[in-house]
Amino acid sequence: MLICHCNIITEKEIEQTIVGLLDQDPWQLIVPAKIYHAMQKRGRCCGCFPNVVETIIRVTENYHARSEASGVDVVSHLDRVRGLRVQYGSRTHERRTADHRAA
1 MLICHCNIIT EKEIEQTIVG LLDQDPWQLI VPAKIYHAMQ KRGRCCGCFP
51 NVVETIIRVT ENYHARSEAS GVDVVSHLDR VRGLRVQYGS RTHERRTADH
101 RAA
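Counting in my numbering, the sequence shown runs from 1 upward without gaps.
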């Protein structure tokens, strides 16, 4: 699935980059800008960043579930992040108004 239309980046490419970063340091803070930097890309409109954050959470959660790390710390932190996403709202519309047309 295509995540970033500006840079033509697929979900699989983002997932591979996240796993590569986690292999370097499993407890580092991964944000969209870090992923784009590792891929030698730049966020242009940044409308894809909420989707990238969801991918970061999912891949990181799966990565640590497969590792020998204590799951309690990972789950509690990810639950807090998800709570913030719910509190401030998920921007599935990529910050566009309802009457916005891409073409």
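Simulated from the structure, these hints should not be mistaken for laboratory data.
Here the structure is a predicted model, which means the values were calculated and not measured.
Glycine included, C-beta positions come from ideal geometry on N, C-alpha and C.
One or more hints might be untrue.
[To be verified] Pairwise CB distance ranges, derived in the manner of DEER restraints:
1. R44 to A65: 13 to 23 angstroms
2. E11 to H37: 24 to 34 angstroms
3. C45 to R66: 18 to 28 angstroms
4. C6 to A65: 27 to 37 angstroms
5. A65 to C45: 17 to 27 angstroms
6. R80 to I8: 10 to 20 angstroms
7. S67 to C6: 24 to 34 angstroms
8. M1 to C46: 26 to 36 angstroms
9. R66 to R44: 28 to 38 angstroms
10. Q40 to E11: 28 to 38 angstroms
11. V86 to Q40: 11 to 21 angstroms
12. P26 to R80: 30 to 40 angstroms
13. A33 to I8: 15 to 25 angstroms
Hint check results:
{"no.": "1", "hint": "R44 to A65: 13 to 23 angstroms", "result": "violated (33 angstroms)"}
{"no.": "2", "hint": "E11 to H37: 24 to 34 angstroms", "result": "violated (18 angstroms)"}
{"no.": "3", "hint": "C45 to R66: 18 to 28 angstroms", "result": "violated (34 angstroms)"}
{"no.": "4", "hint": "C6 to A65: 27 to 37 angstroms", "result": "holds (32 angstroms)"}
{"no.": "5", "hint": "A65 to C45: 17 to 27 angstroms", "result": "violated (33 angstroms)"}
{"no.": "6", "hint": "R80 to I8: 10 to 20 angstroms", "result": "violated (33 angstroms)"}
{"no.": "7", "hint": "S67 to C6: 24 to 34 angstroms", "result": "holds (33 angstroms)"}
{"no.": "8", "hint": "M1 to C46: 26 to 36 angstroms", "result": "violated (18 angstroms)"}
{"no.": "9", "hint": "R66 to R44: 28 to 38 angstroms", "result": "holds (33 angstroms)"}
{"no.": "10", "hint": "Q40 to E11: 28 to 38 angstroms", "result": "violated (18 angstroms)"}
{"no.": "11", "hint": "V86 to Q40: 11 to 21 angstroms", "result": "violated (33 angstroms)"}
{"no.": "12", "hint": "P26 to R80: 30 to 40 angstroms", "result": "violated (19 angstroms)"}
{"no.": "13", "hint": "A33 to I8: 15 to 25 angstroms", "result": "holds (18 angstroms)"}
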